[in-house]
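> Hints are included, so try docking the two chains, each in its own frame, into the full complex.
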Amino acid sequence: MGKAASPGQLARAVVLGLGLALSAAAYAAAVTEEFQIQGLVSPASPKALAAALEEQLAVKVVGFDLRDTASGWPVMRVEFEEGAVTRDDVAAVIDQTEDPTGRMFKVHAGPPVLSVAPLAEEMTAAGTLGDPPSAALELTSPVEATSESLARGLKLYVANCVKCHGADGGGTGPSTHGIDTDPRKLWVWGSAGDAADGYLFSVISDGRTDMPPWGLVLSENERWDLVNYIKSLPPPQ
Amino acid sequence: MAEKIKPPRMRLPRKVKQDEVFKVKVRFDHPSFTGLGRADVDETKFNRAVPSRFIRNMLVYYGDDLVSRFRMSSGIADDPLFTFKLKAVKQAPIKVVFVDNEGERWESSKDLKIKT
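These protein sequence lines are chains A and B, in that order. The opening position of the first sequence corresponds to residue 7 in the numbering used here, with each subsequent residue numbered one higher. The opening position of the second sequence corresponds to residue 515 in the numbering used here, with each subsequent residue numbered one higher.
Since the hints were derived computationally from the structure, they do not count as laboratory data. Computed from a predicted model, the values in this text were never measured in an experiment.
The following residues of chain A were derived to be distant from chain B, with all beta-carbon distances above 10 angstroms:
{"hint": "1", "residue": "Ala57"}
{"hint": "2", "residue": "Glu61"}
{"hint": "3", "residue": "Gln62"}
{"hint": "4", "residue": "Ala64"}
{"hint": "5", "residue": "Arg93"}
{"hint": "6", "residue": "Tyr163"}
{"hint": "7", "residue": "Ala165"}
{"hint": "8", "residue": "Pro180"}
{"hint": "9", "residue": "Ala201"}
{"hint": "10", "residue": "Gly204"}
{"hint": "11", "residue": "Pro219"}
Which residues of chain B face chain A? A partial, calculated answer using Cβ under 8 angstroms:
{"hint": "12", "residue": "Gly551"}
{"hint": "13", "residue": "Arg552"}
{"hint": "14", "residue": "Ala553"}
{"hint": "15", "residue": "Asp554"}
{"hint": "16", "residue": "Arg562"}
{"hint": "17", "residue": "Ala563"}
{"hint": "18", "residue": "Val564"}
{"hint": "19", "residue": "Asn571"}
{"hint": "20", "residue": "Leu573"}
{"hint": "21", "residue": "Leu580"}
{"hint": "22", "residue": "Arg583"}
{"hint": "23", "residue": "Val613"}
{"hint": "24", "residue": "Asn615"}
{"hint": "25", "residue": "Glu616"}
{"hint": "26", "residue": "Gly617"}
The beta carbon of each residue, even a glycine, is placed where N, CA and C say it ideally should be.
The shape of chain B in the complex, shown without the other chains (with noise of 0.2 angstroms):
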């Protein structure tokens, strides 16, 4: 790709009270696609027309745990957007990472503040 990919830029509430179930957002630019193209005028399936590319895997940890694992497809977006819930147990900072089919990796973390 021409174009260097960034990591993902997460939004996490300022601040959440002890056991709140709060609201993650976690937007990545990254670009999709199958890889499949039509150029034969007479064919109704799709060729193989350049190297496919898409978000394969979204794991999501709290502190040091695992927590969440999202697996895509081919079928997801361009840029995604993901949202997902968590609940505030331990004071602790939240690391996305993300790999695509070509085994690249990226990573963002930021820290969640709980209400004393």
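With the rest of the complex left out, here is chain A (with noise of 0.2 angstroms):
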């Protein structure tokens, strides 16, 4: 500017001033707060739960995290003024919204519980049902240890052992998440002699805890290829 500013210009950059700094001030007193939502089930839900939290409240739904957050729960960013309406307020509005499919919004308090630990009567269940009989254990194996007895039972071993097993016989397949006892170590069986097979084939045969009956699956030859592959895995180095 060349020459001095009018009192009339002044004015109107005084009144510029005051109105940038007021709304300078109200975007500060601004705050974005995140919830973790339990309920969003439909395509629906987020727009039916913005929709209701912005008509009943002085707020704007900022948006939605759906996927991939730290806790595994969506996450809601809400931005409002503060003093007006606090985090609780929203909270009680999510609580009390109905999703269009039926299902009541709530406000995630916690770590995620998928599973509580198995009852005492749950782990006793576990572990006493599976005894061989003991005519099983009697049992001696027809199938001779040859190299082909050992490479039927590696692939019978990989199609049907390895997902709970795991490859070196260590028991931590990658299927072993979520069952509640832990699969055997079976390299423990290459030491066992013969006296071992019955059990073994009993085991293998009837199932056990979380292990299913293989009996129904595979034929006699098989489970005794499988037995005499079970005793020729080799200890962890």
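Below is the structure:
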């Protein structure tokens, strides 16, 4: 500006500055809170919840994080002015809102509990079922542990057993997640003599705790091949 | 859950002969859901939506002996009906116990009568 500002221009600048300062103050008071939401079951759910919140309270739903959140639960971000609305107000409205599918929304509190620990009764039940009958212990293997038998055993082991007992027989296969009882370490049978044959055969055939009865799936010779293979597993280095 | 879940209902033959194989039917009204939903339109996988709830174990006792254990996952139906066979070796009550993934437990028992 080359010349001095007129009084009118000055007044306008003052009003503009004041307005900017006021709006900045209002902006500073707005807070964004995150809520973990239970009940977002369909694509219509986020829309319904946002509409209900904005209708009942002076808030703005900024967005949803539906996937890959730290807790596993979807997160809703809500912006509101501090003082006018509190976090508890928003939570109360969420808890009273119904999803289009008929479920109630809920603010998730605490860690996600998928399944509580087994009761003592369940643990006892898992441990007591499946004792082999004494006659089974006296069985002897009709299939010799030849290299052909071991090759067939390996094939069957990979197809049926690896998912729980693991490739090395250490009991840490990929499917062990979520089973109550740990799969047995199979390499311990490596040093067992022929006396263990009947026991192994009977447990494979009838199943035990979480292991299904393989006698329904595999033929008798196939099960003996597996017994031979299990006894050939080396202990871990 | 808003509604209280009632104990299972069991049905046995009125009378069985000694050593006869008989059928047991058990009906249990219990909700079952995986807890998964698909709120994200662009997502092809399911996300966690509500807490999961399903029956985890069913234990069958014949007298004092545990004779069977059924292990279930979130794939089990709502209000399932179980049918299984037992052999009447003694006159004793048959008891079924259900436990769900929240650790809640229900049981019901019925006397088995053997024809003499």
